[in-house]
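Protein chains: 2
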Amino acid sequence: MNIAIIGLGLMGGSIALSLKKQNYVKKIFGYDHNKEHEKTALSLGLVDTIASFEEIKKCDVIFLAIPVDGLIAVLQTLVDVDEATTIIDLGSTKAKIVASIPSAIRANFVAAHPMTGTENFGPTAAVEGLYEEKVVVLCNLEESGAHQQDIAKKIFKSLNMKLTYMDAKEHDRHAAFISHMPHAVSYSIANAVMKQEDKHSILALAAGGYRSMSRLAKSSPNMWEDIFRQNKENLLEAITIFEEELSQLKKAITESDWERVHKEMSDGNKLHDILD
Amino acid sequence: MNIAIIGLGLMGGSIALSLKKQNYVKKIFGYDHNKEHEKTALSLGLVDTIASFEEIKKCDVIFLAIPVDGLIAVLQTLVDVDEATTIIDLGSTKAKIVASIPSAIRANFVAAHPMTGTENFGPTAAVEGLYEEKVVVLCNLEESGAHQQDIAKKIFKSLNMKLTYMDAKEHDRHAAFISHMPHAVSYSIANAVMKQEDKHSILALAAGGYRSMSRLAKSSPNMWEDIFRQNKENLLEAITIFEEELSQLKKAITESDWERVHKEMSDGNKLHDILD
Numbered sequence: 002m003n004i005a006i007i008g009l010g011l012m013g014g015s016i017a018l019s020l021k022k023q024n025y026v027k028k029i030f031g032y033d034h035n036k037e038h039e040k041t042a043l044s045l046g047l048v049d050t051i052a053s054f055e056e057i058k059k060c061d062v063i064f065l066a067i068p069v070d071g072l073i074a075v076l077q078t079l080v081d082v083d084e085a086t087t088i089i090d091l092g093s094t095k096a097k098i099v100a101s102i103p104s105a106i107r108a109n110f111v112a113a114h115p116m117t118g119t120e121n122f123g124p125t126a127a128v129e130g131l132y133e134e135k136v137v138v139l140c141n142l143e144e145s146g147a148h149q150q151d152i153a154k155k156i157f158k159s160l161n162m163k164l165t166y167m168d169a170k171e172h173d174r175h176a177a178f179i180s181h182m183p184h185a186v187s188y189s190i191a192n193a194v195m196k197q198e199d200k201h202s203i204l205a206l207a208a209g210g211y212r213s214m215s216r217l218a219k220s221s222p223n224m225w226e227d228i229f230r231q232n233k234e235n236l237l238e239a240i241t242i243f244e245e246e247l248s249q250l251k252k253a254i255t256e257s258d259w260e261r262v263h264k265e266m267s268d269g270n271k272l273h274d275i276l277d
Numbered sequence: 002m003n004i005a006i007i008g009l010g011l012m013g014g015s016i017a018l019s020l021k022k023q024n025y026v027k028k029i030f031g032y033d034h035n036k037e038h039e040k041t042a043l044s045l046g047l048v049d050t051i052a053s054f055e056e057i058k059k060c061d062v063i064f065l066a067i068p069v070d071g072l073i074a075v076l077q078t079l080v081d082v083d084e085a086t087t088i089i090d091l092g093s094t095k096a097k098i099v100a101s102i103p104s105a106i107r108a109n110f111v112a113a114h115p116m117t118g119t120e121n122f123g124p125t126a127a128v129e130g131l132y133e134e135k136v137v138v139l140c141n142l143e144e145s146g147a148h149q150q151d152i153a154k155k156i157f158k159s160l161n162m163k164l165t166y167m168d169a170k171e172h173d174r175h176a177a178f179i180s181h182m183p184h185a186v187s188y189s190i191a192n193a194v195m196k197q198e199d200k201h202s203i204l205a206l207a208a209g210g211y212r213s214m215s216r217l218a219k220s221s222p223n224m225w226e227d228i229f230r231q232n233k234e235n236l237l238e239a240i241t242i243f244e245e246e247l248s249q250l251k252k253a254i255t256e257s258d259w260e261r262v263h264k265e266m267s268d269g270n271k272l273h274d275i276l277d
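Line order of the protein sequences matches chains E and C. Going by this note's numbering, the residue at position 37 of the first sequence is 38; the numbering climbs one at a time, nothing skipped. Going by this note's numbering, the residue at position 149 of the second sequence is 150; the numbering climbs one at a time, nothing skipped.
Incorrect hints may appear among the rest.
No copy is singled out in the list; a pair is fine if it fits within one copy or between any two copies.
Said to hold, decoys possible - Calculated pairs, DSSO-like style, for lysine-lysine (alpha carbon to alpha carbon, straight line, at most 27 Å):
| id | residue 1 | residue 2 |
| --- | --- | --- |
| 1 | K196 | K252 |
| 2 | K200 | K154 |
| 3 | K264 | K252 |
| 4 | K163 | K251 |
| 5 | K200 | K163 |
| 6 | K200 | K271 |
| 7 | K252 | K97 |
Simulated from the structure, these hints should not be mistaken for lab results. Keep in mind the model is a prediction, meaning the values are calculated, not measured.
Make a model of the complete structure from these sequences and hints.
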């Protein structure tokens, strides 16, 4: 089959690298509104060719790997694709996207969120194996056509991903806790140090811990502004719950209630009984 | 020279592994108040022998790699070491330790904070190369004897560490921002999810981002309770500054001021111009 990828950054470029190895893929067509990114993607061999939007629309599968607001706009330009075409989005929020799909192409559309990424962005950030062994959440899959469901499952399974099914609204709440709120926290961890007069002396001491906590603050503001906008209510709830946790820990420290501090830490430790 | 290591966990065990390779080291003596840890350290080959406290005191160099409160207590038992003995502590806070050194052994003592570690603890957490290429902060070094200064510098340089010199109070403020506050935040990130009813469904979606942000919440409550206690005022200040940053970002999201949200993220990005 012919595959089109709209958006040749970290997510689009990396899935192109994985798809190139699949026997069922004939040719990979790329498109990006940033023409420099198209050139870079082609020179890096991420895609076989750069294509016009009309050529993109003729492909069997079209991946949308662009920021989530742009994604809703692009969907409006795809209303005349063939009924056998499969359109798969890779965005980090799902409820608004699912609600915005033009009814003419609802069956064509599969809403997917691969739980993977790095803090880097643009075509040069594309890496092989980004999707390997990772979870992909497929939302409201029963609203997609039977053929499109099969195609999407076949592709994600061929990338050795773990398929998970979820309602779009449930997905967005979970994603707020597991990804969106932690990004907000990481940006604030970075800014807390950047506003200190002696930030250079402070950062000279940075080791693995601070690098872990500030890594996400390297992420693309364009991409994350859209995610925060689309998942605003869930994100605010998750931030508030986090703030309450930190406030309780801070209160225990302020009151020198070290038994309580110890308990909060031991509770935090337990996360890793589930996560690891 | 003979080297003693009091505390055979992550920090003590790992420095033992690095020291074993140095030509100037004759024998490594280990001591831990946890007798199981002593057995494990010996069976893992971290140290050459387990020694009594009296034998420890006869070594040329004594490393203290135990939680910072215990460290102050142990110093009182070392007041009768030889004047040529070098005692080096590896604790994460410095001001209270420096203030607590018995005057009889002030010249013997070197206050060091190697900016390295992992979230794991105990002798099985010891890894080779933990200190390699990392920063070590030496505090109030002018208060140490000339011989002890030379010995400490020689040892840390032989481990390929980057030596930095700082006042203990300045160190503690910097460490609050770069390490202690981020630990508090990480514990709270973990607890925010652990208190959700559907925590298992949420954590099933965890990818690299959440793992980065919750990794430090795996750290030892015993070790971190002591650090928080000893650096309480600086820690509370750093938490407050972080809370203000997050609160500003949250306010911008609440008011749908996306230009401001974008700016906060771009500001956060700039950290990595310094850090990387």
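Here's how the hints hold up against the structure:
Proximity of K196 to K252 under the C-alpha cut-off of 27 Å is found in both arrangements, the shortest distances being 24 Å within a copy and 18 Å between copies. For the identical chains of this complex, K200 and K154 are inter-copy neighbours only, at 26 Å across copies versus 48 Å inside a copy, given an alpha-carbon limit of 27 Å. Within a single copy, K264 and K252 get their C-alpha atoms as close as 13 Å, which meets the 27 Å cut-off; across copies the closest is 31 Å, which misses it. In this assembly of identical chains, K163 and K251 lie within 27 Å of each other by CA distance neither inside one copy nor across copies; the values are 38 Å within and 33 Å between.
In this assembly of identical chains, the alpha carbons of K200 and K163 lie at most 27 Å apart only when taken from different copies (19 Å versus 42 Å within one copy). Only between protomers do K200 and K271 lie at most 27 Å apart by alpha-carbon distance; the minimum there is 12 Å, versus 33 Å within a single protomer. Only between protomers do K252 and K97 lie at most 27 Å apart by alpha-carbon distance; the minimum there is 22 Å, versus 38 Å within a single protomer.
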